[in-house]
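J.: Sequence:
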Amino acid sequence: MSGSIGIVKTEYADFDVELQLESGRLLGPITIAYETYGEFNAARNNAILVTHAWTGDAHAAGKHTEEERKPGWWDDMIGPGKVLDTDRFHVICSNV
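If you use numbering that gives the first Met the number 0, the sequence shown corresponds to residues 0 to 95, in order.
Read the hints as simulated data drawn from the structure, not as lab findings.
Wrong hints could be hidden among the right ones.
The calculated lysine-lysine pairs, modelled on DSS-like cross-linking and capped at a C-alpha distance of 25 angstroms, are [what the hints assert, rightly or not]: (1) Lys62 - Lys81; (2) Lys8 - Lys81; (3) Lys81 - Lys69; (4) Lys8 - Lys62; (5) Lys69 - Lys8.
Simulated restraints, written as ranges between beta carbons of each label pair [unchecked claim]: (6) Tyr11 - Met76: 20 to 28 angstroms; (7) Asp86 - Leu26: 21 to 29 angstroms; (8) Gly2 - Gly55: 32 to 40 angstroms; (9) Asp56 - Glu17: 40 to 48 angstroms; (10) Glu65 - Arg24: 42 to 50 angstroms; (11) Gly27 - Gly5: 31 to 39 angstroms.
Even glycine gets a Cβ: it sits at the ideal position worked out from N, Cα and C.
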């Protein structure tokens, strides 16, 4: 299998809006953690959204530091030359 995506950084997007649920309760404000791997192409039409299982997180590939022992939970699938080839695709994984 090809190499790891390398060192990655988790980013955060804050949404200061509230969403009213059918129950009448309000959900929000919301912070979403996400990581991206690879680059957009010129047409910006090469994005792939990876979602996780209920207990997963946004850290799907790579490592946060050189010393970190365990890579992201789908590191075998995301990276240069892998199934989700980051030389071709802009891969996004969020925590929701």
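J.: All the hints need checking, so say for each whether the structure fits it.
T.: Consistency of the hints with the structure:
In summary, the hint linking Lys62 to Lys81 is supported, as the alpha carbons are separated by about 16 angstroms, within the 25 angstroms threshold. Restraint check: the Cα-Cα separation between Lys8 and Lys81 comes to about 20 angstroms, which is no more than 25 angstroms; the hinted pair holds. Between Lys81 and Lys69 the alpha-carbon distance is near 18 angstroms, which keeps this suggested pair within the 25 angstroms criterion. The suggested pairing of Lys8 with Lys62 holds, with an alpha-carbon distance near 8 angstroms, which does not exceed 25 angstroms.
In summary, the hint linking Lys69 to Lys8 is supported, as the alpha carbons are separated by about 15 angstroms, within the 25 angstroms threshold. With their beta carbons about 24 angstroms apart, Tyr11 and Met76 fall inside the hinted range of 20 to 28 angstroms. The given range of 21 to 29 angstroms is broken by Asp86 and Leu26, whose C-beta atoms sit roughly 38 angstroms from each other. As the Cβ distance of Gly2 to Gly55 is approximately 23 angstroms, the hint placing it in 32 to 40 angstroms is violated.
Between Asp56 and Glu17 the beta carbon distance is about 24 angstroms. The supplied range of 40 to 48 angstroms is therefore violated. Glu65 and Arg24 have their C-beta atoms about 44 angstroms apart, which keeps the hinted 42 to 50 angstroms range intact. For the pair Gly27 and Gly5, the supplied restraint of 31 to 39 angstroms holds, since their beta-carbon distance comes to about 34 angstroms.
Checked against the numbered hints given earlier, the structure breaks hints 7, 8 and 9 and satisfies all the rest.
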